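There are 2 protein chains.
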Amino acid sequence: MRVEFSLQIYSVTMARHIIILVAVFWFATAEASHCSINGLPLVRNISELPQENYGRSGLSHTTIAGSVLHGMKEIEVWLQTFAPGFRTPIHRHSCEEIFIVLKGQGTLYLTPSSHSKYPGNPQEFHIFPNSTFHIPVNDVHQVWNTGEQEDLQVLDVISRPPVKVFMYDDWSMPHTAAKLKFPYYWDEECYQTTSRKDEL
Amino acid sequence: MRVEFSLQIYSVTMARHIIILVAVFWFATAEASHCSINGLPLVRNISELPQENYGRSGLSHTTIAGSVLHGMKEIEVWLQTFAPGFRTPIHRHSCEEIFIVLKGQGTLYLTPSSHSKYPGNPQEFHIFPNSTFHIPVNDVHQVWNTGEQEDLQVLDVISRPPVKVFMYDDWSMPHTAAKLKFPYYWDEECYQTTSRKDEL
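Protein chains in written order, with the numbering used here: chain H, 1088 to 1287; chain E, 1088 to 1287.
Rather than coming from a laboratory, the hints here were simulated on the basis of the structure. If you're wondering where the values come from, they're calculated on a predicted model, not measured in any experiment. Every residue gets a Cβ at the ideal spot worked out from N, C-alpha and C, and that includes glycine.
Mimicking BS3-like on lysine-lysine, the simulated pairs with C-alpha atoms at most 30 angstroms apart in a straight line are: (1) Lys1160(E) x Lys1204(H); (2) Lys1160(H) x Lys1190(E); (3) Lys1190(E) x Lys1190(H); (4) Lys1266(E) x Lys1160(H); (5) Lys1160(H) x Lys1204(E); (6) Lys1251(H) x Lys1160(E); (7) Lys1160(E) x Lys1160(H); (8) Lys1268(E) x Lys1160(E); (9) Lys1266(H) x Lys1160(E); (10) Lys1251(E) x Lys1190(E); (11) Lys1160(H) x Lys1251(E); (12) Lys1160(H) x Lys1268(E).
Partial list, computed: chain E residues near chain H (C-beta under 10 angstroms): (13) Gly1158; (14) Lys1160; (15) Glu1161; (16) Phe1212; (17) Ser1218; (18) Leu1242; (19) Ser1246.
Label pairs and their in silico Cβ distance ranges: (20) Pro1216(E) x Pro1261(H): 45 to 53 angstroms; (21) Gly1234(E) x Trp1258(H): 43 to 51 angstroms; (22) Pro1261(H) x Glu1139(E): 44 to 52 angstroms; (23) Pro1176(H) x Ala1264(E): 48 to 56 angstroms; (24) Glu1139(H) x Gly1145(E): 36 to 44 angstroms; (25) Pro1216(H) x Ala1264(E): 41 to 49 angstroms; (26) Glu1211(E) x His1202(H): 48 to 56 angstroms; (27) Ala1264(H) x Gly1145(E): 48 to 56 angstroms; (28) Ala1264(H) x Gly1234(E): 52 to 60 angstroms; (29) Ser1201(E) x His1202(H): 48 to 56 angstroms; (30) Leu1136(H) x Thr1263(E): 36 to 44 angstroms; (31) Phe1269(H) x Glu1211(E): 34 to 42 angstroms.
Same shape as in the complex, but just chain H (with noise of 0.2 angstroms):
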């Protein structure tokens, strides 16, 4: 009696072990496959691919092709959607992009490169559906949905990824006091796993 005892709490926790193992195995196999650039299929549908805020309230991004999620070197390719009012840092980047406005309408404010020591007072660009534009090496921009009831989406080629961004403030902020946020939102989680992994 004393035995069977003894082998059924044995026998109890065991099957604990067990479905705590079970456990830690899946959600490392799912961190894992998130940021594992294997087993993706080659043609995917883009409106299951993962699309967030980043905790930026009224912005949706999604990496359609990218550095960190699929393994590109030299381009990558966003799509986002910016609710009415939201609007992109200041910022720099010293890679080349390029827009696609899909829908909606808004303000691009570029300051181009100069010798000043902060950027100044932006120029003003409307942007609307279809139109496309690009953005020079380094020059500091903001894109700004400026309507008040629709929703500006657009695509966005960069080269260069993973991007690295250098935001303002403000315009009259010294390109100096620009500050690196590197990896960007989208890439933090996984460029982080990546790298532990390179680690190892």
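Assemble the complex: chain H is given as a structure, and chain E must be docked to it using the hints.
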């Protein structure tokens, strides 16, 4: 009377010369502005950009932002429409390429790079609206509108523009026999103009 008549002839001849000169100047300017990156507005309406088939029936190509036309150095974006039955050549290029299918369906044929002397039988992938896929550097591929009724429309992003394309007659043609097409169809006119300018 004789002098008057001579003057009249002279005036008519001069007027003709002026007309010819103006026409020549107009054509020269039109050619220059068509291929020049100066004076283009930063924000452009995609539906107003040149759209051509470059002698290939069933194709409509627009360079949304490119090396030869807009001075891009690292990325280039095309909008292409393939009529039912239209297909790209079997080809490879030493750049990355990302496709986004805007509408229509078709088939991607792709042979991953290997140590074989020729591409061999390609894998087939169904491509559909709102799908995306990328072509690894130097993989031999072909995109075919295998539909019977609907156009296939894609956005096509490449790195390292302008593109240098190696074309194959079929999947058993040796890699070393593939023919280089450079500048590619849509870069031909303005690439040559730019080259001529560079030589001056």
